[in-house]
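Note that the protein sequences, when read in sequence, are chains P and H.
The numbering used here puts the first sequence at residues 83 to 400.
The numbering used here puts the second sequence at residues 1488 to 1794.
Using 20 Å as the maximum straight-line C-alpha spacing, the simulated EDC-like pairs for lysine to aspartate or glutamate come out as follows:
1) P:Lys244 - P:Glu113
2) P:Lys278 - H:Asp1582
3) P:Lys278 - H:Asp1579
4) P:Lys244 - P:Glu317
5) P:Lys244 - P:Asp233
The hints are simulated quantities; they were obtained by calculation from the structure and are not laboratory data.
Spelled out from the first residue to the last, the chains are:
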Amino acid sequence: MAELKNPASILTLIVIGLCAVVPFLAPALGEPFYVIVFARIMIWAIAAVSLNLIMGYGGMISFGHAVYLGIGGYTIGILAFHGITSAWIQWPVAIGACAFISLIFGAISLRTRGVYFIMITLALAQMIFFLSVSAERYGSDDGLNILTRSDFGLSFFDLNDKLTMYYTIFAVLLASVFISWKLIHSRFGVVMRAAKSNDTRVQAVGVSTYRYRLIAFVIAGVMCGIAGLLQANFERFVSPDMMNWPRSGELIFMVVLGGMSTIFGPVTGAFVFLMLSEILSTWTIHWHIIFGPFLVLVVLFARGGIHGLLTPRASRDE
Amino acid sequence: MDYVLLIEQFLNGFQLGIILFLMAAGLTLVFGIMDLVNLAHGSMFMIGAFVGGTIAVVTGSFVIGVILMIPAMLIIGIVVEMTTLRTLYPRDHLDHVLATFGLILFFNEATRLIWGPEGLIVPLPAFLDGSVALGAITYPVYRIVIIVVGLLVALGLYILVSRTRIGMLIRAGASNRAMAGALGVNIPLLFSIVFGIGAVLAGLAGLIITPITAAQIGMGEDVLILAFVVIVIGGIGSIRGAFIASIVTGVIDTMGRSFLDVFLLLFLPENAAESAGPALSSMMIYILMAAILFFRPQGLFPPKGAG
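So here's chain P without its partners, still in its complex pose (with noise of 0.2 Å):
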């Protein structure tokens, strides 16, 4: 990779280095919560991922897009809330069910452009947020604890042991920056590129941009579903908060925050947006007063994230 020589590459390196050290290094500091807040970060900073895949590249603004963590880990809490504990059922299952869920609202929305998109997907998001609310069997409002984590029935690799869990959160990160990255570059990501910024010229070649858009959608879906799946599995308690349309937007948030159409930006975005939250939380209970009017200003002036802000002018994608 070429990019290695600027600031934003050094940044990238740093928070995946700390995110690899982190088990070690703050118990040594006398830390150790901090290994939970950083598995919560590689967690989102999964769906951030997923999410960049189709907005970053692909143009496709997704208001909905914490649905897939929500659906990824309510498959999880309702097969283990019915004994179902195998991790060979219990993955394969929450995994097909992201996929046929975002095929049917990927199908649905991608019919729509531009703010019809945007606000089509928070409404079939918020439909699948007011049906985990209305299901009193699965505990509505109060969310449903899983008791046992996905079992996979192997001795050298059992969720329950921390460390387990939390490099498994840390290889499922890299796979997936490494599979956008892979995606990106391919002729596939090509096309979606191309169809984003001219969608019309792209079709004129010859070349449906529907099922390519379609397939991006699919495949973010399933990616931010298994950030789902690993969510459940980590705070082993699923509520419908998780999928509630405030996560989609701080989603959102996070991939602008570090550099929309960067490979590593929604981590870097992840990082800050999680860390910022957890420093401005133990100063006052009403941090959102701070970190509403921070957003906005973002917005504002910083318009390629921090990885925008770090990269020169002349090196970059577009």
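Following the hints, position chain H against chain P.
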């Protein structure tokens, strides 16, 4: 079936539709004219309820609360437009969504700081507290007042947009901003006024349901999402579409919640109907929206001349 209940629920649905219309009208005007996606419209709903409600509690008169809420919301709306939103017009929709999302966080937290986390209870004035007999049913006076006020506002808005000079300017600004500006229309001022009107309508909607639900932090957000559904169904930028879609959405949502499980009993076993009923009824309007979009991606009443 119980016809009294049926009519009662229909009226309740109609009343929800009126609230949705007051929200959707401002939202669709702002979007249609300024091409701005404004999530903070839900905050205007909430601020209207808290500001008007406080005035009502302090003065002891709900009517004074409503009357003073109007200039207050007009000012708040114009201030928000001038300080933040104005910068956003040339930006893309993503920036609109994010910046107004930031505004929501700010307004919610500011409300919590000023009024505390419990919210605000606004009592109904005595002369509106009661029921009247409408044929076979008795119905709360206040809900009838909401329906009448909403219909009057809808009529007023229609006259404002289609029969007055400012309405003409609004329509001109909507169909071709640059051309209207070149002909000497003060577009920034026009936008501020339109945004102010939208804020007043949202504030009114928030305030008039407060005696029923109490004012709460974040109360505007669920209504905002329903209003999005409404304007997607009705066609963005169309007041007429917003009105029809609001009523349809309000009635279907309310009727669905009270009768769907009874209806499902006709062809499902009892426990299946009881568990599927609430789940399905909360999804119904979204399914309706998806169906309408599938056949008419521009909504039912796309405004003329909009591309």
